[in-house]
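Whole structure, please, built from the sequences with the hints as guidance.
These are the residues of each chain, in order.
2 protein chains.
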Amino acid sequence: MREYLKLIMLFSFFSIFSQNDEQMIKKIFDSSLSNSKSYELLDYLSNEIGGRLSGSLNAKRAVEWGRDELKNIGFDKVWLQEVMVPKWVRGPKEFALIETQPGTTFNVDVCALGGSVATPSVGIKANVIEVHDFEELKELGKDKIDGKIIFFNRPMQPNLINTFQAYGEAVNQRTSGAAEAVKYGAIGVIIRSMSLRLDDYPHTGTMNYGSLPPSKRIPAAAISTNAAEKLSNLLKINPNLKFLLRQQCKQFKDVMSHNVIAEIKGSVYPDEIILVGGHLDSWDIGDGSHDDGAGIVQSMDVVNILKNIGYKPKRTIRVVLFMNEENGTRGAKKYFKVSKRNNLNHIFALESDAGGFTPRGFSFTSNAENFSVIKNWKYLFDPYLIQSFVIGGSGADISLLKTNNNVLAGLRPDSQRYFDYHHAASDTFDAINKRELELGTFSMTSLIYLFDKYGINN
Amino acid sequence: MREYLKLIMLFSFFSIFSQNDEQMIKKIFDSSLSNSKSYELLDYLSNEIGGRLSGSLNAKRAVEWGRDELKNIGFDKVWLQEVMVPKWVRGPKEFALIETQPGTTFNVDVCALGGSVATPSVGIKANVIEVHDFEELKELGKDKIDGKIIFFNRPMQPNLINTFQAYGEAVNQRTSGAAEAVKYGAIGVIIRSMSLRLDDYPHTGTMNYGSLPPSKRIPAAAISTNAAEKLSNLLKINPNLKFLLRQQCKQFKDVMSHNVIAEIKGSVYPDEIILVGGHLDSWDIGDGSHDDGAGIVQSMDVVNILKNIGYKPKRTIRVVLFMNEENGTRGAKKYFKVSKRNNLNHIFALESDAGGFTPRGFSFTSNAENFSVIKNWKYLFDPYLIQSFVIGGSGADISLLKTNNNVLAGLRPDSQRYFDYHHAASDTFDAINKRELELGTFSMTSLIYLFDKYGINN
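Chains as they are written, first to last, in our numbering: chain A, 2 to 459; chain B, 2 to 459.
Hints are computed from structural coordinates only; laboratory data are not their basis.
Hints may contain errors.
A pair counts as met if it fits within one copy or between any two copies, since identical chains are not told apart.
[Stated by the list, open to error] Keeping only pairs whose Cα atoms sit at most 30 Å apart, straight-line, the calculated DSBU-like set for lysine-lysine is:
(1) LYS379 with LYS72
(2) LYS231 with LYS28
(3) LYS237 with LYS38
(4) LYS454 with LYS313
Here is the structure:
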């Protein structure tokens, strides 16, 4: 009988306990969908500041904006953390054309890849060889490649439900295509844009030359998917067509920039830090609304929502707007270095850097013990159709913070549309749906609330 | 030992059996995302035909297009089923303004509700009373309402994850607002658009006057959400402002139209019919890409995908493109009537009429016995992030087909963006994402495959 009573009491305890969480998460939902700041913050960042590549004037304006808005939200402390970042400048709009015979030309949409060298001011003009991977380069060899432009045309695979996987399987053409092609004497590379859509937007993104000395570097540009199809078709008709590429991008010396950090001290465990963030820099050709303006404003909004519903965190919550994720992750490295020096204890870090789309779940980097606790929270998200809690990666800016015991996570929005916009001029505020953005804010705030309340086993 | 062997055999049987389903569904996925017809069909329907309100020339063109394209896909039989439909015509673009004082006016975006009467050719001009529900009308009474325009301004609730629920809770203003307001002497009604977004698009939709004789009917128009906010704010400053509305819509006599039906005979159980469909008509102010062009092309594509992968249905699969869902569901009623007369046995019917967005699951109208079998298929959809199998409604065009034993279902795409476009000029092809549309086709084809293979308990 006593055992029975104990059971009843235990049951009642859990019942009250879980009802509280359900109620709190409903409150977070209501506040996120009714009076959040995410959409208006993003409106300003996207439309008043715009694209903000590391080292640019816009990146500086974004840092100042982030600092001021975080102060407005009412954090205990807001500060800038200095970090040296690369400064690469695109210069005038790139130009490219296909010449099928003298006098017959087709202009095509291209853009320089981030980190690429310029062409000579008149451009480069050469025959083109289409390849799909580095094996093909090897088979063709120096004889066939020397003096030519290599056209990497392996599309992202459409039949993968997770478009990030399709990206991962195609992106080495962009990151390393130039470094590989130059081994066989190529004088430039054209990369099919990393997008699943057929359209006219070239998608930029980072590339690197490895250990290649500056004098040996060859220009690298992305070509829109429509233009890639056209080039491929024309090459079938006339393998001797020529391609002209002109771009005037330039790498400058590193310049000073900043991570933006804001903190609200925990009332019970001030030394246990919960971090939420995204990256403040973006590519230069859109306004970076999805990549990663969405993650920035969602992260900023988390503490605003908690304030709205009157929740006082037991642990210290830090918002970090990382600088330079796109072409160097210098902000992440600097933040990690300083944290390590100061022996900071990040028990949990969450990054949103996969677009402002309907959230589908989270990916966790966690040991089994903590993950078994986390999985018990899943039912709290189920009424909001956030149904996927999986083990996996987190985010480029926070991954260095992993320890044996702490937990990292990445928000996982619906990925179907992400690569329509990623690194392209189409990544603009009008591609953002307010509700989808706010549902991300809701998901993040709810997870932060649960980690704040329950902590981790460490 | 024999029991043990039996168990092993049973296990192997189920293992092979389920592996086959997994493989088939992977094939359906690959085909849907790689060589489906959905996007190009919708491109034509939206961009070459466009909005196709019942009784219009465009609706006739859509019927002919549907018949021809279904023949191209290679059905055994394609035919048109005659149905008389209402013919309501919008006429010239509507005009409305707010006059805060003589000479000070603000134009606002409005559109007539489907089925509304016209205003006199000079319009109606009167004071406005803002209300939020029918209770408020009653409280105000005839004294305060007589001779005025009633402005229904109850917004859809943002804090509901299912936007269709928010729609359901707000839409009686649109469907019955005029019939209610006229009881107290109102001379017209203005309805806040059924949308969760603040923008300049008025959203039309059906309304009815109940048993009100034609001579007593008052004009009803939707106003954009931005203009509704403006009108509400101006009313706070000046409750005596006047509103001018002019619309020249007209109801004609019913005209002949058609459901389009295509069939592929089942190889084993030809008398068991599996139906898949959507509605071919749309409102007139957009091109009806989401409502319900998406459902139409997905339904048409199901048999195409099954052909692509070489699957021969055991049961008869029927595609039905229903006419007149938007303002009468006459097509659904006619189809039901003919089916009943011919004693047809629809074991399963599936409708897609909730937009071409990322599919999240299905809603089933089913008895417990069949649903317990259906739930066992859920794991087959899980790798594709289709995670919600619930009991609920199906679709307006198929709901009449319910019997005690058969199963109906509705595709349930992500609903967050649907009411940005629903019944508005913004419901156009550029609001369609190819992958999202194809994922819907995939989900539907997979479910049809499973019902074809296993049938139901009846």
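TODO: If any of the earlier hints don't hold here, list their numbers in rising order.
DONE: 1
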